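> From just these sequences and the hints, can you work out the full model?
Residue-level listing of the chains:
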Amino acid sequence: MDNLLEVSNVVKRFGSFTALNDVSINVPKGSIFGLLGPNGAGKTTLIRIINQITYPDQGSVTLDGASLQEHHIKDIGYLPEERGLYKSMKVGEQALYLAQLKGLSKKEAKERLKYWFDKFEIGNWWDKKIQELSKGMAQKVQFIVTVLHRPKLLIFDEPFSGFDPINANLIKDEILQLRDEGATVIFSTHRMESVEELCDHIALINKSQKLLEGKVTEVKKQFKTNTFEVGLLAPQENNLREELAQRFKVSPAHFKSLEDQLKLNITLGAQESSNDLLQYLTQKAQVQRFVEVIPSVNEIFIKSITENE
Amino acid sequence: MSNLKLVMQREFIARVRNKTFVIMTFLSPLIFVGMISLIVWLTTMNNEEVHKVAFIDQSDLFASEFKDGETLEYINYSQYTLERAKDSVKKNKYEGLLFIPKTISQLEKNIEFYTEDSPNLGIIEAIEDIVSKRLTKLNYEKEGLDVATIKAAKAKVALQIENFSGKKTSKLSNYIKMFFGGVAGYLLMMFIIIYGNMVMRSVIEEKANRIIEIIISSVKPMQLMMGKILGTSLAGIVQFIIWVILGGILMTVLTTMIDIDPQQIAASQEAMQEIETDNMDQIRLILSDIWALPLTSLIISFLVYFIGGYFLYSAIYAAIGAAVDSETDSQQFMLPIILPLMLGIYVGFFSVIENPHGTVATVFSMIPLTSPIVMLMRIPFGVPWWEIAISILILLGTIFGIIWFAAKIYRIGILMYGKKPTYKELFKWLKY
Chain A
0 MDNLLEVSNV VKRFGSFTAL NDVSINVPKG SIFGLLGPNG AGKTTLIRII NQITYPDQGS
60 VTLDGASLQE HHIKDIGYLP EERGLYKSMK VGEQALYLAQ LKGLSKKEAK ERLKYWFDKF
120 EIGNWWDKKI QELSKGMAQK VQFIVTVLHR PKLLIFDEPF SGFDPINANL IKDEILQLRD
180 EGATVIFSTH RMESVEELCD HIALINKSQK LLEGKVTEVK KQFKTNTFEV GLLAPQENNL
240 REELAQRFKV SPAHFKSLED QLKLNITLGA QESSNDLLQY LTQKAQVQRF VEVIPSVNEI
300 FIKSITENE
Chain B
0 MSNLKLVMQR EFIARVRNKT FVIMTFLSPL IFVGMISLIV WLTTMNNEEV HKVAFIDQSD
60 LFASEFKDGE TLEYINYSQY TLERAKDSVK KNKYEGLLFI PKTISQLEKN IEFYTEDSPN
120 LGIIEAIEDI VSKRLTKLNY EKEGLDVATI KAAKAKVALQ IENFSGKKTS KLSNYIKMFF
180 GGVAGYLLMM FIIIYGNMVM RSVIEEKANR IIEIIISSVK PMQLMMGKIL GTSLAGIVQF
240 IIWVILGGIL MTVLTTMIDI DPQQIAASQE AMQEIETDNM DQIRLILSDI WALPLTSLII
300 SFLVYFIGGY FLYSAIYAAI GAAVDSETDS QQFMLPIILP LMLGIYVGFF SVIENPHGTV
360 ATVFSMIPLT SPIVMLMRIP FGVPWWEIAI SILILLGTIF GIIWFAAKIY RIGILMYGKK
420 PTYKELFKWL KY
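For the protein sequence lines, the chains are A and B, in the order given.
So the first sequence is residues 0 to 308, counted in numbering that gives the first Met the number 0.
So the second sequence is residues 0 to 431, counted in numbering that gives the first Met the number 0.
Some clues are possibly wrong.
[Stated by the list, open to error] BS3-like cross-link-like pairs, simulated, lysine-lysine; straight-line CA separation at most 25 Å: (1) B/K18 with A/K86; (2) B/K219 with A/K89; (3) B/K419 with A/K86; (4) A/K109 with B/K219; (5) A/K86 with B/K219; (6) A/K127 with B/K18; (7) B/K4 with A/K73; (8) B/K427 with B/K219.
Keep in mind that the hints were calculated from the coordinates and are not lab data.
Predicted, not measured: the structure shown is a model, and the values here were computed from it.
Structural data, given as structure tokens:
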């Protein structure tokens, strides 16, 4: 069993509106799985189904091989996008309360909270009320509560919103460490740079449907266009450009270089190999740069969404 | 600990720790007792004021009858003309001027009372009493009747009411039953409004704080809702008990403090003795009436209807809280709560008391939204057990229905933000 979570053919309708249309995803054990999609695509609905907040009209969800049941709540830690804490309750008390709701005993919860509070250097907040804390501070408490019961599956919905860069980094490191300790992480966000940095698997949802899913490297391979970014030194740049444009599909490229040179993106046909191109180029000019263009997650995101429209 | 218990516990502690709750718990009995003593004090103040009434008695029949009382003084203006007397009354700011003309025939229709503005009813009654007694006596004498004989011949009837199984009851019995039923029904209504609102506010708070989705990923919405209702009602019961105890203590303290007038006590004791010797039987009957009330079934059904009614309504309150974003938005949904409560109270106070087993009372004691109040008011009058059973069954069925329905709205509503829902939308949520 190498998938921790399997969502199969899930359909969810709200009245006449279909929020999820036959969506399936597989989240491998120990992965950081990016659940991507524009606003209103159905990400939050899917996450709520995994958390058993709502239930699918059709399809099934299995966690660790067993179909979702009430006790699985204790195996999941969820940090929703809409998150808050009781304003008039003391930090320590509500952390204890939330931990106990996840099935920890009071004693156990206290010990673990102490560990985390010390780790985040917020031990002196215990008796403070949330309304006395800043938003970022409250989010630290929420993060602790999410991971405290050591769930197998962690679900973060836009985890970095509201954090300053230092705290965002702190949280990012914690997420990575939790993954290393064996947790599986689902990560829903619009911030492509954090997806690029953290995720090894992604799924893209748009308009209630899954557009693509897989390992980030596989997806990128699938989306690469056999394009190479080249920097050429030649006495007569314009002649060379025209010559290349006649033979290949060419577009201007932009990158920083020490010397003034001809910068181009050259796209090859399916049959042609990079070696052929390189051979051809070395005959014509001094090759200063030769890099395969790998699409960023951001580009993949935009491309698949616009193609889907 | 189960999640339901955890939610209950948190809810209870959050309610009890709330500053307004603490203040209200200890202040309300004070305010209540203070209000009562203020009212008592104000009425005594009012009574102590001495009113002066002038009169012109041209018939010469009444002058000796007008004797000054504690709060009413009579001033004889018979030597003045009507016009002068009027002026003088106005100038002296007397309460009014009574004018009794000379004509003997139809005298009762020709007596007039002049006053600045609408007269004090007590004074009018006192004057009418004196005049009519005097006139009656005069009439007896005119007809040659002996007043003493007439008095002796008067028969005083008090029906000995007995039910078919031979138990004696007093006429007051109905009032006692009314009192018990009325208090129970009214108490239930107050409890529902006060603590139902608390449940609603607590739901809105969780929504407004955006903690709801965190909670709901660990607790089933149904558990959360029931935990809220139970925790809040526990806090409510604690508050009620404190109110009763504190109120009782304060009342006894206050009555002993106010009743320091020994004369009054002596007077009331004398009066009591009089009543005792006169109506000892009556009092014994009242007491036996109270004991003859179906006390056990009264208490049991009070608990059942109290809890049932409260659950029914607080589930609706919870659903409303889930459907809206803020308390101001909740106003539009208050009608389905307030209307049946009011209906229950009115049906209780009018139909039940007039005819506890009439059609209206019976029907309303079956309809689940009004049955807790109406049935509580009917039970002291003796309701056949099968009627209670049917009514409780309907109530229980409705409670489950409403809780199911409320949980559905609750489940959807707590995750909806920024929309002011309509009834139509709530109905749609039921199908999600």
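> Now tell me, hint by hint, if it's right for this structure.
Against the structure, the hints come out as follows:
1. B/K18 with A/K86: holds, 14 Å
2. B/K219 with A/K89: Judged against 25 Å, a Cα distance of about 24 Å means the pair holds.
3. B/K419 with A/K86: Holds. B/K419 to A/K86 sits at ~24 Å (cutoff 25 Å).
4. A/K109 with B/K219: holds, 24 Å
5. A/K86 with B/K219: Holds, at roughly 22 Å.
6. A/K127 with B/K18: Given pair A/K127, B/K18 holds - Cα atoms ~17 Å apart, limit 25 Å.
7. B/K4 with A/K73: holds, 17 Å
8. B/K427 with B/K219: holds, 21 Å
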